[in-house]
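Asks: In the order they appear, the protein sequences are chains A and B. Everything in the first sequence is counted per this note's numbering, starting at 1 for the first residue and increasing by one. Everything in the second sequence is counted per this note's numbering, starting at 1001 for the first residue and increasing by one.
Among the hints, erroneous ones may be present.
[Stated by the list, open to error] Label-pair restraints from in silico Cβ distances: (1) A/I54 - B/H1106: 26 to 32 angstroms; (2) B/K1057 - A/T112: 24 to 30 angstroms; (3) B/D1095 - A/G53: 34 to 40 angstroms; (4) A/N65 - B/K1057: 33 to 39 angstroms; (5) A/D38 - B/A1010: 33 to 39 angstroms; (6) A/G53 - B/R1058: 24 to 30 angstroms; (7) A/I54 - B/H1076: 22 to 28 angstroms; (8) B/S1008 - A/T15: 30 to 36 angstroms.
Because the hints were derived from the structure by calculation, they are not lab data. Positions of the beta carbon are idealized from the N, C-alpha and C atoms, including for glycine.
Chain by chain, the residues:
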Amino acid sequence: NAGVTQTPKFQVLKTGQSMTLQCAQDMNHEYMSWYRQDPGMGLRLIHYSVGAGITDQGEVPNGYNVSRSTTEDFPLRLLSAAPSQTSVYFCASSPTGTTMNEQFFGPGTRLTVL
Amino acid sequence: SQKIEQNSEALNIQEGKTATLTCNYTNYSPAYLQWYRQDPGRGPVFLLLIRENEKEKRKERLKVTFDTTLKQSLFHITASQPADSATYLCALAGDKIIFGKGTRLHILP
């Protein structure tokens, strides 16, 4: 099993550009989520999904969109990148559609918006 | 609003001693509390989970306590080693998972 994979590892965008961060898991996990991690702020939940076709907002959803058309994939879309979105983004998955289990994290995507 | 506090300062512990990290929370009633380890440039890795009706959980050199009255969890590493140096995150799990900012632990040889 590859676990949770994220692409790309690094990305530089200009303000106003759009892009999609990819996240995939091969463990048949129901719960998937996206976090951003900034110095001094810890991990903050952006969006999460309890199963295919179901998504919900986390703590900091503005400027981001998600969809969950399959169990395996949970892409995060930046509609119009802003410097405030410079961060490290982590995708995570968990076996059931709840938060009761451990989360498996991907290696992260480091995004810089100029 | 929900708030989680972990030691904001780095914690320096001599090798072989017990390291104790604190996680306090307010305005939340989590069903579970989780602890993760994060090394620089890597994603967090799950260590332990404790349920609200459990007082203590152990795994090898790790021990976690959970006091829902005090709204506090303590994370202990006994016989600490330099390889235990990392940032440790606590997370409250209810309908969502909320993470603390983490505590950097340095084990000094």
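Asks: None of the hints should be skipped; say for each whether it holds.
Replies: Right, here's what the structure says about each hint:
1. A/I54 - B/H1106: 26 to 32 angstroms: 42 angstroms, violated
2. B/K1057 - A/T112: 24 to 30 angstroms: The hint (24 to 30 angstroms, Cβ to Cβ) is violated, given that B/K1057 and A/T112 are roughly 39 angstroms apart.
3. B/D1095 - A/G53: 34 to 40 angstroms: The hinted range 34 to 40 angstroms is violated for B/D1095 and A/G53, with Cβ atoms some 19 angstroms apart.
4. A/N65 - B/K1057: 33 to 39 angstroms: This hint holds: roughly 38 angstroms between Cβ atoms.
5. A/D38 - B/A1010: 33 to 39 angstroms: With Cβ atoms ~18 angstroms apart, the hint is violated.
6. A/G53 - B/R1058: 24 to 30 angstroms: 40 angstroms, violated
7. A/I54 - B/H1076: 22 to 28 angstroms: 38 angstroms, violated
8. B/S1008 - A/T15: 30 to 36 angstroms: 32 angstroms, holds
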